[in-house]
Structures are given as structure tokens and as C-alpha cells.
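Undergrad: Just so you know, the sequences run in chain order A and B.
Going by the working numbering, the first residue of the first sequence is number 1, and it counts up by one from there.
Going by the working numbering, the first residue of the second sequence is number 1, and it counts up by one from there.
No lab work stands behind these hints: they were computed from the structure.
Please read all numbers here as calculations on a predicted model, not as lab measurements.
Among these hints, one or two may not hold up.
Using C-beta positions, here's what the derived DEER-type ranges look like [stated by the list, open to error]: (1) B:Leu285 <-> A:Asn30: 25 to 31 Å; (2) B:Lys232 <-> A:Ile210: 50 to 56 Å; (3) B:Pro191 <-> A:Gly211: 40 to 46 Å; (4) B:Glu183 <-> A:Asp238: 26 to 32 Å.
The calculated BS3-like cross-link candidates involving lysine-lysine, where the alpha carbons are at most 27 Å apart (straight line), are [as the list claims (entries may be wrong)]: (5) A:Lys285 <-> B:Lys210; (6) B:Lys180 <-> A:Lys249; (7) A:Lys100 <-> A:Lys285; (8) A:Lys155 <-> B:Lys188; (9) B:Lys217 <-> A:Lys186; (10) A:Lys83 <-> A:Lys55; (11) A:Lys186 <-> B:Lys210.
The C-beta atom is built at its ideal place from N, Cα and C for all residues, glycine as well.
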Amino acid sequence: MDGHRRLESTDRPPAVGVLFNYHSAVVIANTLKKLSPKMRIELVSSGLDLSENDKRKLDSLEILFTQPNLVQSLKLHLLPNLKWMHCLIAGVDLIVETLKSEKSISSFPVTRNASYFDLQMAEYVIGIILSRERRIADVHENQRNQIWDQEVFRKFRPLTDISIGICGFGSIGKEIARVAKTFGIKVYALVRNLPTEAEQSPTVDEYKSIGELGDLLSSSEYLVSILPCTPSTNGFYDGDVLSMCRRKKTVFINIGRGNAVSESTVIRALNEGWIGHAVLDVFDKEPLPAESPLWSHPGVTITPHISGTHMIPERFVKVALDNYNRFFRGESLLNIVDVNKGY
Amino acid sequence: MIRCVQTEIIKRLFGGKSVNRSTTLKMLSVDPSSSVGASMRKEEGTRPLVGILATFVGSPLEREIADAVQKTRPDIRFEVFVRGKPTISEKEMEDLKSCEILIADPNIILENNLVNNLPNLKWMHCLWAGVDRFTRSFSPSGPYPSYLLTRNGDFFCIQMAEYVFGYIIDKERHITEMKKLKEQSLWKRLPYRTLSELTLGIVGFGDIGKEIARVAKAFQMNVWALVRSFPKDGEQGPHVDEYRLSSDLPELLAASDYVVSILPSVPSTDGFFDGDMLSHCSPKLTTFMNIGRGNVVKDETIIAALDRGWIGGAVLDVFSVEPLPDDSPLWTHPKVIVTPHIAGLCISGSKIAGDFVQNYDRFVKGETLPYTVDWDKGY
Chain A
1 MDGHRRLEST DRPPAVGVLF NYHSAVVIAN TLKKLSPKMR IELVSSGLDL
51 SENDKRKLDS LEILFTQPNL VQSLKLHLLP NLKWMHCLIA GVDLIVETLK
101 SEKSISSFPV TRNASYFDLQ MAEYVIGIIL SRERRIADVH ENQRNQIWDQ
151 EVFRKFRPLT DISIGICGFG SIGKEIARVA KTFGIKVYAL VRNLPTEAEQ
201 SPTVDEYKSI GELGDLLSSS EYLVSILPCT PSTNGFYDGD VLSMCRRKKT
251 VFINIGRGNA VSESTVIRAL NEGWIGHAVL DVFDKEPLPA ESPLWSHPGV
301 TITPHISGTH MIPERFVKVA LDNYNRFFRG ESLLNIVDVN KGY
Chain B
1 MIRCVQTEII KRLFGGKSVN RSTTLKMLSV DPSSSVGASM RKEEGTRPLV
51 GILATFVGSP LEREIADAVQ KTRPDIRFEV FVRGKPTISE KEMEDLKSCE
101 ILIADPNIIL ENNLVNNLPN LKWMHCLWAG VDRFTRSFSP SGPYPSYLLT
151 RNGDFFCIQM AEYVFGYIID KERHITEMKK LKEQSLWKRL PYRTLSELTL
201 GIVGFGDIGK EIARVAKAFQ MNVWALVRSF PKDGEQGPHV DEYRLSSDLP
251 ELLAASDYVV SILPSVPSTD GFFDGDMLSH CSPKLTTFMN IGRGNVVKDE
301 TIIAALDRGW IGGAVLDVFS VEPLPDDSPL WTHPKVIVTP HIAGLCISGS
351 KIAGDFVQNY DRFVKGETLP YTVDWDKGY
């Protein structure tokens, strides 16, 4: 397989380049060193003004651990010897874009840090649901006014009475299903290919194919989109798609990528009463520009792309380390990105 | 001959307790001229009279329960429906007193001096999980009522867990703060921790505590539980990392990022966290949550613990006096969240009806009922 090679006993292991936001890069490098003392690590920079030393480092690099937005600004032709790139983030769309635009260079496998972010994103989703269902904002309001009122909270629905539709059923989607099931929420999962009975997960009540999206939308109190950013997901929810949410006035949560739904769609869906609320963590442009009408729309909750951004160093580098060992043993790598599919 | 058969049926019904003739006759009082009456006569002996004492005027909950039971089980003689507030009329009193089974909030029973005034009552089923006001109204050694009291021990578990994790995640992931940032059109990323890096200490490890532990484990939290006695080998739950006894409370507090008290109100839990007990929370600036009963910690203790930097915050659903008095400093302390005893308030009438019906069937067969209150223990 391209990019793999066995490490001969006489070989000095090639250095691993770490290209990441500076402070985190240092933490990552130190963590890697701690867990794998024999690993050679080079902190590298991207950017416009690379010194001769920087260019030399990049030139000899065979392995790069990195993040997508820095790859964008890196000139890949400066890494002619690259044999494997590992993205320390789950969302690889910017890398895929970059690789596609420099076709001659993408002969190495790209892997990504799937699984690391799953639980914290599921936590975010359940937190949003609980906060709404248990009306925490109203509780705070009553406390501010020193009002003791039980009656107003008497009619809340237990999570066992609601359904969640999960669009994008990779490792994050599966983790959301698992946590949702912990609370007894009914789970619908949107998948490209319906699984066989043996492949079905016990945490999913019903699988729906893309053609059954309408079914899923009209059955879910909450819709969570974790769709990756690919040409086929552009505007996935645009047009009249969200009108199918009107039966339950679904709450739409987007923690995937901003390309899946336009601002105007969200606003229209809210104003038409198709969806009950929109919780958006991702946007076409981030940070969300101040002039965006989403900021002032009462039906929108904005979170600044934080559903999965917390680094627990030793866990964060686990997939990278696992793949590092596999790379030198000639074993297949985990979480390989299919550049054509885009994820 | 017929009378003997009927007495036998009734004896079986009530687990062999002696039943006096007047009770028997009362149960059999059906209009004999009704064509249904004769055939019902034999059946009536097996069908105790059920009533519900509705707690909240205007709340549809008890109506939902009554309707659901009547709809799904028309065989159950659910014939008495009385509103507990503002007052109970004389006729309604008589109706209540004729019930053999009553679904009620025991506090309303207390308030209306009905505790020892329900001569036909064999079984009272409380809608809620906590019966402490009722049980603490008796002197420690009795005498206790002759009827059974059951409570809703497991129904509320998942709702209590929803409450606990709702507030924990809201705090850790800054959900409330982010709303404020949005109002200012501010894109600002606040650093956060994940639950998987935190320790939860559960004080009071009944069914609610166990449910909270189960959910905590789904988030990969580290879980400590305070128990009366260590579980035997093989009985240790899969969701607890460390068990501790009451005497080890300081160690549990020091280890916990969040502590949840679900302790019932009994004499031995009065002031459980008072004094300087909460000083043990300072290493992790524990957030103290109380969803059990307010007797375990005074308002002043919480305020002092916050101001001394012992605890980092408090989320309180229960208080020594409820509603929380206007002048309580808890209302306005910036690190205190006051919720009006709502952690387990969510009810679906049909679910409670289903629960009651299951117990009813056990009751008429003379089987033990789950969550029968032990008068000595107080819960």
C-alpha cells in the first residue's frame, strides 16, 4: 500500500512533523514524546515566510500530524517525501480540498482523528436537549425574580417521550445514539446504506435511507446533523426539506459543517414554523460575521464551533500513535480518508 | 354459605388479615334490583374500592391518572375522586373513608387529619418518591397506621438523572453563558472540561442513586457512592468505581467534582452536611447538588461554604422550608442555583396509572408490593 514501509532495524525512524497551532503543538509534541520516547518529533510551521531551515525540515518529512486549516496554507510541493498525513481533527474537508487542487501530490494516505471527539460532541447534544426540555433558562429567570413556581414546570416531557433523528451516522453519530439511548430517547439514524440485521446497532430504533429523510424529519423532536462537508452535502437541508419538520416543529442542531444549510434556509424554516428552534455550532463563515441575521433571531442558538474542541492530550494523540505503530509494521491504518468521498 | 365464601375471598384478598362483617357488607352494597347487581355481587368481593385524593387544584395530572386507569382497567372500581385543596367537603370525606385503596399525596392526608381516620383503608399508594413528612409525623416507636403505604421509588429515577446531568452539562459546557454571549453577538470560545475527566460523588445510593451512576458511566465519569454497608462480593454494581461508608464522607467529598445528595429525610440525615463537613470539598471546589431533602444542610451552611471557598457552587432543588422563603440569601447568591423542587416533577398520568395497575394486581393476589414503606426506617 502506498506510503507504507517496514522499518528496518538499521533505520533511524523518520521524524514526525507536527504542524499545529503553536501552543497545542508543544503540548502534542510533549505528549507524543512521553508516550513514545523513541519517536523523533519536529515542530514545523506553515505560512508565507518559511526560513531555509523550515524548508529543509519540510523537505525531509515523511510523516505529518496536522490540522486542516494549516494544511491549506502549506505548499504541499515542499513535502516531496511525505508518506502519510494524519489529521488530528475529525473534519477533513479543507485537507481534501487542498489535496484535490494539488492532484499530483496526493499519493499518500490521509487518516483522521475520528472517535476522539465522539463523546464530547454527544455530551454537547444531550446538554442542549436537557437544557431545553428541563427549561433551565426559565428556571434561572424565575430565580432572578425570586419566584417559586412549580406549576410552570409540571408539564415537561421526559426524554423517554421524545425522538432524535441523527443525520450522518459515523462514529460521532453512533456515540450520540448511544448516549441518547442511555436516557431512553427514541433514535432514528439516516444512513446511505441500510445495514443488515447483523450490522444493526441496538441503540438505533429505526434506520432510514436518504430517500426516507422525510419520515425521519417528521418523526423527530430533535434533528442532529453531523454531515461532513462534501459536494453531496452542500445545501442538504435547503429548499423545502425542512418543511417536513413541521409536524413536530423539530429542533434542528447542526454540529457537522455549515455547508449543509444556508442562513436564509434556517431563517425561513423558523419564520414558516417548520422548525421550532435552530442550534447552530457550525457556519459557512467562522467566526460568524457580526452582520449575520442569525445573531438576532430569537429562534436561533449560536455556539462558536465548540461541540468538539477540548483536548485531553493523551487521548487526543491515541489514534495518531496507534497508526504510527501500524505504519511501521505495514498494517492497515485506522480512519483512512477517502479523498473522493471527502471523508 | 354464600357469606362464608365471600369472607374467604376477602381474607385471601387482604392476606389473611381479619376483616369485620361491616366491612364485608359495605363492599357488597350494590342495588340488588339491578340486573347486573346480582352477578356483580360475587365479583365485588374481589374488587376493592379505589379512590384518588387529588393534590393540585387545576392540575390535570390526577384526572389523567384516574382516566387512564378507568380506561385501561374498567374492572377496577375506581370510583372516588376528591380534590384535596382548598377543602374537602363532608360528603367527600365520607367517600374517602369508604376507600380500601387510595392514591394520594400523604401530606394532604396529614393536613386533613385523615391519617388514622380511614377505617377501610388497606393500602395507600403515594404518587411521589418521598414520604418523610408523613413518616416523621409518627413517634419513633409507633403506633403506625394499619394500612400499607407504598411510594413511587423507581418511577422518578430517570427524571432525577435528567435533572442532575442537565445542570452538570449546562455548567461544564457553558450553555447558559453562551446564550448571554449570543445576545451580545459575541463569538467567544470558552474552554471546557468533559464529564469523562470528572468524578461524581453520590450520597444516598438507592434506586435513584443507582440510575444516576448508570448515566454517569455512560459519560465515562468516575463514580463514588456513599452506602450504609459495602456491597457483598458479586453485588457491586458495574457503575461504581469506589464505595464508601458514611464515616468516609470527607474522603468522598474531597474526591468529587460534583456531589449529589439523594439522602431521605430521617433523623440520622439531619444536618448531614452541616458544620464544617463541606470544607472537605475545597481541593476540587466541588459543586454541591441536593435533590434529596432539605434537612441535610442548612441554608447558612451553603452560603458559608461558598464564601469560604469550600464549594464552588450549589444546585439546590430541596430546602428546609419550601417554598424557599423570600428572605433566604440562597435566592441571590451568584453561585447558587435554586430550583423549586422540580427534579422529579415530570409525570405522565398514563405511566403512573400503569405503575398503579401493576401494583393493584399484586395487591389483590396478596403479593408483596415494591417500595412498601418500612415504618421503622421511615422510607
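Undergrad: Each hint needs a verdict: does it hold in this structure or not?
TA: Now the hints, each set against the structure:
{"no.": "1", "hint": "B:Leu285 <-> A:Asn30: 25 to 31 Å", "verdict": "holds (27 Å)"}
{"no.": "2", "hint": "B:Lys232 <-> A:Ile210: 50 to 56 Å", "verdict": "holds (53 Å)"}
{"no.": "3", "hint": "B:Pro191 <-> A:Gly211: 40 to 46 Å", "verdict": "holds (42 Å)"}
{"no.": "4", "hint": "B:Glu183 <-> A:Asp238: 26 to 32 Å", "verdict": "holds (28 Å)"}
{"no.": "5", "hint": "A:Lys285 <-> B:Lys210", "verdict": "violated (44 Å)"}
{"no.": "6", "hint": "B:Lys180 <-> A:Lys249", "verdict": "holds (24 Å)"}
{"no.": "7", "hint": "A:Lys100 <-> A:Lys285", "verdict": "holds (21 Å)"}
{"no.": "8", "hint": "A:Lys155 <-> B:Lys188", "verdict": "violated (34 Å)"}
{"no.": "9", "hint": "B:Lys217 <-> A:Lys186", "verdict": "holds (20 Å)"}
{"no.": "10", "hint": "A:Lys83 <-> A:Lys55", "verdict": "holds (17 Å)"}
{"no.": "11", "hint": "A:Lys186 <-> B:Lys210", "verdict": "holds (22 Å)"}
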